[in-house]
Amino acid sequence: MILSTAVAIAEARMGKPGEKYYSGRSRAIMERAYIAFKSSTWMIVISGFVEPVLFLLSFGYGLKDLVGDITVAGQPVGYVAFIAPALLATSAMNGAIYDSTMNVYFKLKHDRLYHGMLATSLGPMDVALGEISWALLRGLSYSIGFMAIVAPLGLIPSMWGILAIPAAVLIAFGFASFGMAVTSYMKSFQQLEIVNVVLLPMFLFSGSFYPLDVFPEWLQTVIRIFPLAHAIDLVRGLTLGNISWALAGHAMYFVVMIVIGLFFTTRRLNALFMR
Amino acid sequence: MSESLIRARGLTKKFDDFTAVNGIDFDVLKGESFGLLGPNGAGKSTAMRMIGATSQRTSGELTILGKDPEQFGPQIRAHLGVVPQQDNLDTQLSVTENLYIYGRYFGLSRKFLKGKIEELLAFAQLEEKRSAKVESLSGGMKRRLTIARALVSEPEILMLDEPTTGLDPQARHILWDRLFRLKEDGVTLLITTHFMDEAEQLCDRLVVMDKGSIMAEGSPAQLIKDYSTKEVLEVRFGSERNAGMANDLGQLCERIEELPDRILMYTEDGEELLERVYKKGFHPKTSLVRRSSLEDVFLRLTGRTLVD
Numbered sequence: 001m002i003l004s005t006a007v008a009i010a011e012a013r014m015g016k017p018g019e020k021y022y023s024g025r026s027r028a029i030m031e032r033a034y035i036a037f038k039s040s041t042w043m044i045v046i047s048g049f050v051e052p053v054l055f056l057l058s059f060g061y062g063l064k065d066l067v068g069d070i071t072v073a074g075q076p077v078g079y080v081a082f083i084a085p086a087l088l089a090t091s092a093m094n095g096a097i098y099d100s101t102m103n104v105y106f107k108l109k110h111d112r113l114y115h116g117m118l119a120t121s122l123g124p125m126d127v128a129l130g131e132i133s134w135a136l137l138r139g140l141s142y143s144i145g146f147m148a149i150v151a152p153l154g155l156i157p158s159m160w161g162i163l164a165i166p167a168a169v170l171i172a173f174g175f176a177s178f179g180m181a182v183t184s185y186m187k188s189f190q191q192l193e194i195v196n197v198v199l200l201p202m203f204l205f206s207g208s209f210y211p212l213d214v215f216p217e218w219l220q221t222v223i224r225i226f227p228l229a230h231a232i233d234l235v236r237g238l239t240l241g242n243i244s245w246a247l248a249g250h251a252m253y254f255v256v257m258i259v260i261g262l263f264f265t266t267r268r269l270n271a272l273f274m275r
Numbered sequence: 001m002s003e004s005l006i007r008a009r010g011l012t013k014k015f016d017d018f019t020a021v022n023g024i025d026f027d028v029l030k031g032e033s034f035g036l037l038g039p040n041g042a043g044k045s046t047a048m049r050m051i052g053a054t055s056q057r058t059s060g061e062l063t064i065l066g067k068d069p070e071q072f073g074p075q076i077r078a079h080l081g082v083v084p085q086q087d088n089l090d091t092q093l094s095v096t097e098n099l100y101i102y103g104r105y106f107g108l109s110r111k112f113l114k115g116k117i118e119e120l121l122a123f124a125q126l127e128e129k130r131s132a133k134v135e136s137l138s139g140g141m142k143r144r145l146t147i148a149r150a151l152v153s154e155p156e157i158l159m160l161d162e163p164t165t166g167l168d169p170q171a172r173h174i175l176w177d178r179l180f181r182l183k184e185d186g187v188t189l190l191i192t193t194h195f196m197d198e199a200e201q202l203c204d205r206l207v208v209m210d211k212g213s214i215m216a217e218g219s220p221a222q223l224i225k226d227y228s229t230k231e232v233l234e235v236r237f238g239s240e241r242n243a244g245m246a247n248d249l250g251q252l253c254e255r256i257e258e259l260p261d262r263i264l265m266y267t268e269d270g271e272e273l274l275e276r277v278y279k280k281g282f283h284p285k286t287s288l289v290r291r292s293s294l295e296d297v298f299l300r301l302t303g304r305t306l307v308d
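Chains as they are written, first to last, in the UniProt record's numbering: chain A, 1 to 275; chain B, 1 to 308.
In case anyone wonders, no lab produced these hints; they're calculated from the structure.
One or more of the hints may lead you astray.
[To be verified] Subject to a maximum C-alpha distance of 25 Å in a straight line, what follows is the list of computed SDA-like cross-link-like pairs (lysine to any residue):
(1) B/Lys211 to B/Ser293
(2) B/Lys230 to B/Glu275
(3) A/Lys109 to B/Gly166
(4) A/Lys109 to B/Gln56
(5) A/Lys38 to B/Arg130
(6) B/Lys230 to B/Tyr278
(7) B/Lys14 to A/Tyr21
Bound conformation, chain A alone:
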């Protein structure tokens, strides 16, 4: 039976688990994102894709002869192949963070968009999931685009490398849900700057351009508290084919991040709009 009225559609969900928070229509939020995306500034869209490629060309090909091979797990690896997975992981992070902080903040505070959405029969979980799914879809397409460029260049030596794409999506999921949770607590636009204050050093020190073991033991431990080092190790392990249980550990880091992020996002949206 095709339900044709708003009331019939809403009543069909009565008794389902979480019905007060989730109406099963996060795809409507994604549809909204798609419509807005079609007419959005293409520069922003393209820059997310171009950025890692530029880093790859400038640092990778600029430094590869000066640096020579880098030893990873006892094997020599060319410099460009060493940084390519790190750039993939970083661009997954950047895309997810952009979508879940700047974008979400404006819809939350400036446009009061979520107020409008939650006055309908949608719930806060629909909004959180829809926004995050959209960020993931974007992350997925960037990853595929990046892989399509670096794989033919011979920068993905292992067949395991194909798993770098889902890994990038997992990483984006972690950052997006965590980023959205953090954003939902922000009181002013200035506070968003805090995100950049964390992001830039994380990018510089998480082992993108050289192995982490150049740092003293204690600093490595500090760096490993933050997610990007785990993201880079995960993607690099896959593209270079160094498969070990450690990779599962890195993946778990992001699973935990996703769960914590979603929990706080839903809770916070509920507090903001349903109190």
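With chain A held as given, fit chain B onto it using these hints.
Leaving out everything else, chain B in the frame of chain A:
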């Protein structure tokens, strides 16, 4: 007796130790236009949010179409069209896309929405603006689009929070005309306003709210009859002299209200009272005779004016 669509008993909302809505009782009947009239901060918007199932009450009873909004939030919201005080249109989308996606939030089909959007564009007189971005619309157009958007799910109850605040007189009249049409179509309207003329124009019945409580309830005409006289004489003597005059003038009429800039004298016949004022040897700088309005009702009930 028509059925009660919204029923509140002892409805209360507290934020920490601030009581925004303090034990209010009212019923909204099917097909009527019901108003919450009061100044800013009276608790109208808070009451609206509880009815709109986006805010949980602290205590009391509330049923909408026989259901508790805390138990059946999404189901109740599916019956409601909400026009918030601040426009929250999707500025990244066009007029048509705004209507479309709002329908999608309710889960409505593309096919249904295609026809519905045309109908709503005509209703909101926005056919020529269909592809325009929201940013380029005037205040009145944005408001009409917000109303059209709220109607996309064919709600039984349309809730309008301060629908004409910030609009110029012409845009207000266009909007009122649209709301009359909805009422004729049988949509139940729930309106908050701090404009007494709006309440008189639009509401069949209203409650006067102040500081979270209901001060009076009735039709605009009944409230004026119960709490005011037929006419009002407004006199001004200049700011220093107004205060000194109040005692003397008070003996000439039923009731008197002193405002900072003028004195209001309540009477059945304003012209006759003005004559008596002159006969007593008082010469106001300006005088005005008018019919009593809800503003006077509010003044009587609270000792304050509606719009500061």
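Going down the list of hints, with the structure as the test:
no., hint, verdict
1, B/Lys211 to B/Ser293, "holds (21 Å)"
2, B/Lys230 to B/Glu275, "holds (17 Å)"
3, A/Lys109 to B/Gly166, "holds (20 Å)"
4, A/Lys109 to B/Gln56, "holds (21 Å)"
5, A/Lys38 to B/Arg130, "holds (17 Å)"
6, B/Lys230 to B/Tyr278, "holds (21 Å)"
7, B/Lys14 to A/Tyr21, "holds (23 Å)"
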